[in-house]
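A.B. asks: Using the sequences and the accompanying hints, generate a full structural model.
Residue numbers (the working numbering), protein chains in the order written: chain A, 106 to 412; chain B, 103 to 374.
Honestly, the hints are just simulated from the structure, not real lab data.
Check before you lean on any hint, since a few could be wrong.
Computed, partial: chain A to chain B, Cβ under 10 angstroms [unchecked claim]:
(1) I127
(2) P136
(3) V241
(4) S245
(5) P247
(6) L397
Facing chain A, according to a computed beta carbon distance under 7 angstroms, are these residues of chain B, among others [unchecked claim]:
(7) S217
(8) F220
(9) L230
(10) L299
(11) A333
(12) Q337
(13) A338
(14) A351
(15) V354
From the derived model, a few chain B residues whose C-beta atoms are all more than 10 angstroms from chain A [stated by the list, open to error]:
(16) D205
(17) V320
(18) G326
Built from N, CA and C at the ideal position, the CB exists for glycine as well.
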Amino acid sequence: MLRYILRRVLESIPTLLLIVTIAFALLHAAPGGPFAADKAMLPEIRHSIEARYHLDEPLWRQYLRYLGDLAHGDLGPSFQYRNTSVNQLIAAGLPVDLTVGLSAIVLALLAGIPIGLNAAWRRHTLWDRLPMGLAVAGISLPVFVVAPLLVLVFAVKLHWLPAGDWVHGSPSHLLLPVAALALPYVAYVARIVRGSALEVLNTSFIRTAHAKGLPAHRILLHHTLRPTLAPVVSFLGPTTAGIVTISIVVETVFGLPGIGRFFVTGALNRDYTLVLGITILYGTLIILFNLLADLCYAWLDPRVRLE
Amino acid sequence: MSNRHRGSWIAGGVLLLVALSSLIVPALSPYDYYTPQLDLISKPPMLQGGHLLGTDPLGRDLLIRVLWGCRISLLIALVASGISVGLGVLWGATAGYAGGTIDALMMRTVDVLYSVPFVPFVIVLTVLFGHELWLMFVAIGAVSWLDIARIVRGETLSLKRREFIEAARVSGVRGARMIGRHIVPNLLGVVIIYATLTVPTVILFEAFMSFLGVGVRVPLASLGSLIADGASDMQAHPHLLLVPAAVLAAIVYCFNFLGDGLRDLLDPRQQS
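C.D. replies: See below:
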């Protein structure tokens with residue numbers, strides 16, 4: 106197990122290196138530079154700024170310098186936010202995204218699994234058709250549609266919940282962003298659970314459980330649930346990483362101080378280090394959550410060998 | 103069963119209607135998507151003057167702007183899913199047919215690409231290279247082919263062992279001709295299903311980018327940018343948010359529904 110984790114971590118290094126290299130090349134190949142837009146700048150001042158951020162060096166030296174700093178966990182200074190490092194910006198923004206994103210995943214699981222199980226158990230009844238019809242609608246409603254609609258109904262019309270003015274740790278400020286983010290994923294999880302549970306319910310060990318006369322709740326919770334969750338777990342790996350990216354939308358709608366907005370403004374302002382740093386962070390999150398999902402998968406299905 | 107088919111027909115019909123009206127109506131309407139009319143700012147839907155869905159904060163006809171947004175959405179459905187399906191089928195079929203080291207290398211590449219955060223990459227690409235529409239389409243297509251490649255490879259592996267492939271090999275068919283003439287046509291069912299399922303994701307990807315302001319350039323409207331504009335003005339004029347949101351949801355819903363229907367029809371393993 107420990108060996109497996111170690112091997113996966115080592116394997117991720119070339120992947121991350123690839124991400125860094127492509128992103129670095131892309132940023133530097135693009136026309137314009139971080140300080141090219143300031144036309145009014147004196148040449149001397151520009152030279153001194155470029156020297157400060159090592160932009161006057163040849164590209165390969167900048168690249169090696171970046172990799173060297175990265176190996177020490179240093180993502181460099183931001184170009185756009187003077188006297189602030191990318192590490193500081195990420196440290197300030199990431200907790201917000203993780204709080205909102207992970208709460209949304211938990212909510213999606215808590216709502217989606219019972220809906221899907223129930224639909225599979227009572228297949229082809231109203232308990233199946235109605236929620237599954239709604240689920241197709243749910244996956245068709247992206248977060249950037251749900252979020253403004255929730256604000257319109259619950260904040261603007263009903264005045265039940267705040268729509269912005271983020272206060273750290275305030276549950277009422279969390280409720281709308283988390284709900285908006287979770288809604289499409291409730292639908293995804295419910296669909297996956299239904300499909301997977303239908304297959305499990307057709308197996309012979311479930312027939313045996315029925316034959317033994319076990320009550321429904323015992324068959325569902327003790328026998329069906331665990332094998333049903335395997336596809337959900339493999340769905341969750343990339344999704345959990347993706348939800349941190351998608352939370353750019355709820356950041357925009359609800360004015361949350363997360364990292365997604367740094368990324369968009371950073372790209373618009375050619376803030377190379379900020380964009381690179383956040384890209385690397387997203388890549389790391391994908392690798393991390395995929396590893397966690399694979400470990401969970403092996404725990405759910407003991408036949409799976411980690412090698 | 104026939105109920106499901108009827109649903110798929112309705113979904114297809116709605117999409118055809120959207121496609122036709124987004125092609126025809128902007129050509130016939132006296133209004134365009136970019137000329138401001140400052141005496142008609144943010145009007146609700148009205149018959150007078152033919153502004154059936156009202157006007158936006160610059161007095162532009164909302165119906166025409168929404169239909170232009172539909173054009174963008176349907177165009178990306180064609181271009182980006184075309185690219186992703188083409189790339190995915192070629193990659194998957196080649197890897198599956200070649201087998202051995204080539205297969206291992208190609209599929210390892212796919213594994214590595216799964217860890218690349220594509221959303222930031224497409225945003226950077228589009229922003230840095232000047233918001234070109236075609237560039238965004240190509241970029242979105244180029245990042246959505248991984249699932250198709252995996253599925254096509256799996257199908258090819260089982261297809262490869264079939265008699266007719268053996269017969270073709272005996273009669274001297276090799277390499278690219280084998281993949282193009284004998285493998286790919288037999289993958290069509292799977293490919294159609296996954297193409298239909300790719301369409302909603304690419305449509306939502308474009309709308310997501312335009313919502314963030316890194317997609318289409320003003321004054322051109324996409325459903326995503328219309329939703330973003332509507333959201334900033336929803337307190338006073340909720341129809342500016344509700345109309346494009348409903349249209350986008352309807353288009354994506356129809357494609358999802360169509361994809362589910364096609365899967366039931368073409369994939370026997372999914373039938374219960």
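A.B. asks: Please go over all the hints and tell whether each is borne out by the structure.
C.D. replies: Status of each hint after checking the structure:
no.	hint	verdict
1	I127	7 angstroms, holds
2	P136	8 angstroms, holds
3	V241	5 angstroms, holds
4	S245	4 angstroms, holds
5	P247	5 angstroms, holds
6	L397	14 angstroms, violated
7	S217	5 angstroms, holds
8	F220	9 angstroms, violated
9	L230	3 angstroms, holds
10	L299	11 angstroms, violated
11	A333	4 angstroms, holds
12	Q337	5 angstroms, holds
13	A338	10 angstroms, violated
14	A351	5 angstroms, holds
15	V354	4 angstroms, holds
16	D205	19 angstroms, holds
17	V320	14 angstroms, holds
18	G326	7 angstroms, violated
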